[in-house]
Every structure is written in structure tokens, then in C-alpha cells.
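In numbering that gives the first Met the number 0, the protein residues as written are 0 to 238.
It cannot be assumed that every hint is accurate.
[Claimed, not checked] Ranges of calculated distance between the beta carbons of each label pair, as one might list FRET restraints:
#1 Val81 - Thr230: 14 to 20 Å
#2 Leu53 - Ala153: 33 to 39 Å
#3 Phe180 - Ala237: 18 to 24 Å
#4 Asp121 - Ser194: 38 to 44 Å
The hints are simulated quantities; they were obtained by calculation from the structure and are not laboratory data. As the structure is a prediction and not an experimental result, all values here were calculated from the model. For glycine and all other residues, C-beta sits at the position ideal for the given N, C-alpha and C.
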Amino acid sequence: MTAPVPGAGFALAAGAADNLVTFEVNGPDGTPASAVVVLLAVTVLSVAPSLMLLMTSFTKMLVVLSLTRNALGLQTSPPTQVLTGLALFLTIFVMTPVLTEVNDVALQPYLDGRLDLAQAVDVGVVPLREFMLAHTRGEELALVTRAAELPLPAARDEVPLTTLIPAFVLSELRSAFVIGFVVFVPFLVIDLVVSSALMSMGIMMLPPVVISLPFKLLLFVLVDGWGLLVTALVGSYAT
Numbered sequence: 000m001t002a003p004v005p006g007a008g009f010a011l012a013a014g015a016a017d018n019l020v021t022f023e024v025n026g027p028d029g030t031p032a033s034a035v036v037v038l039l040a041v042t043v044l045s046v047a048p049s050l051m052l053l054m055t056s057f058t059k060m061l062v063v064l065s066l067t068r069n070a071l072g073l074q075t076s077p078p079t080q081v082l083t084g085l086a087l088f089l090t091i092f093v094m095t096p097v098l099t100e101v102n103d104v105a106l107q108p109y110l111d112g113r114l115d116l117a118q119a120v121d122v123g124v125v126p127l128r129e130f131m132l133a134h135t136r137g138e139e140l141a142l143v144t145r146a147a148e149l150p151l152p153a154a155r156d157e158v159p160l161t162t163l164i165p166a167f168v169l170s171e172l173r174s175a176f177v178i179g180f181v182v183f184v185p186f187l188v189i190d191l192v193v194s195s196a197l198m199s200m201g202i203m204m205l206p207p208v209v210i211s212l213p214f215k216l217l218l219f220v221l222v223d224g225w226g227l228l229v230t231a232l233v234g235s236y237a238t
């Protein structure tokens with residue numbers, strides 16, 4: 000008979016005919032084994048970029064900031080890394096209440112052994128689901144539901160995650176483009192005025208963007224453009 004091999008969540012048992020290897024998720028005190036916690040942490044880190052893009056406000060933040068840079072006529076300033084970092088920290092600021100609730104109702108009870116993995120996942124997805132539902136339009140939900148050839152649910156709370164996530168992303172992109180359009184309009188007016196002035200003076204060889212760029216930067220600074228933009232983005236998630 001083969002003696003059990005001690006390990007973090009592993010046990011080896013011998014049967015009459017063959018050896019059976021069993022895997023214990025929880026440790027002796029009912030809490031998850033250290034090997035399981037490490038495995039889950041690595042898994043979460045591997046899918047974290049996808050979760051951040053599809054289930055948080057990151058996509059909207061980054062698209063709006065990129066459109067603002069294009070509206071100003073700047074190609075590389077601010078750098079993409081700066082815009083991505085700003086979008087990341089704005090996302091953390093917006094998502095902090097949701098992530099705190101996930102930690103309180105799912106992660107900590109699971110680490111304490113009060114919930115198993117399946118229960119923790121079911122409970123932890125509820126705050127994220129409520130956040131996405133609150134910022135998803137019914138039109139996008141109906142569009143994705145019809146595209147998947149599924150029956151329309153009787154209530155918004157019955158929408159499956161496979162339908163809710165793409166509908167949420169579509170709603171975020173729509174909101175980002177609406178904000179981008181509002182940002183583009185004043186700078187487009189400046190470009191038209193400068194172009195008309197150059198045409199009236201017969202200056203054909205000088206690109207209008209060379210003259211309009213300082214005026215657009217001056218306007219953006221005078222109205223505190225970054226402050227207004229960040230306030231609008233964060234305020235769009237206020238409940």
C-alpha cells in the first residue's frame with residue numbers, strides 16, 4: 000500500500016487494483032489551498048486585460064481621450080502611454096465601489112472558506128452585472144439578443160452575460176463617439192475659420208493646421224479642457 004503524499008491540496012491514495020490521484024481544493028481548515036489560490040491568481044492576471052476592456056469603463060475612457068487628441072490635431076502628444084495610463088486610473092476610480100463590493104461579498108468569503116469557488120463566482124459577478132446593466136442601452140441589448148437568435152428576456156435582470164457584455168461594449172463605444180463629436184465641433188469651427196481666412200488672403204501654400212493648432216491649444220487651455228473632459232467622463236457613471 001502506498002502512503003499518502005502530503006501536499007498543498009493534493010493527496011495520493013492507492014486502491015486494490017490501481018492508484019487513484021485525488022485533488023483537494025480546500026485545506027485542512029476549510030480555506031482554499033495555497034496552490035489553488037496561486038492558480039486562481041495567475042488565471043485572473045492572464046484574463047485581466049480582457050476583463051478590463053470588456054467589463055469596465057476603460058474602453059470609453061481611452062476612446063474619448065484618443066478622439067480628443069485627434070481633435071486637437073496632435074498625432075503623438077500626449078503619448079499613447081500617457082493616455083492609456085490616465086484611462087487606467089480613471090477606470091480604477093470609477094470601478095472602485097464595484098471592485099470593493101466584489102471583494103467583500105465574494106473574494107474574502109471564499110478565502111475564509113465560507114464559500115466554495117462556484118458560489119464565489121456566482122456572487123462576485125453580481126456587482127459587475129449590475130454596473131454593466133446600469134450603463135447599457137436597451138437598444139444594444141435587443142440588437143445582440145436578435146443577432147444571437149435568442150428570445151427576448153422578460154426583464155433586464157434575466158439577460159445572460161454572453162449577451163450583456165457585447166451590448167455593454169457597444170453602448171460604451173456609442174457614448175464615447177457622442178462625447179468625441181461634441182469635442183470635435185469647436186475645433187472644427189476653428190479649422191474652418193482659419194482655412195477661410197487663409198483662402199481670402201490668397202495664402203494657398205501654408206497648411207491651415209499650422210495656424211489653427213495654436214488657437215485650438217489656447218482654447219483648450221482657457222476652458223480647462225482636461226478638467227471638463229475628466230469631469231464629464233467620471234460624471235457619466237454617476238448613479
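Which hints, by number, does the structure contradict? When the structure is compared with the hints, numbers 2, 4 turn out to be violated.
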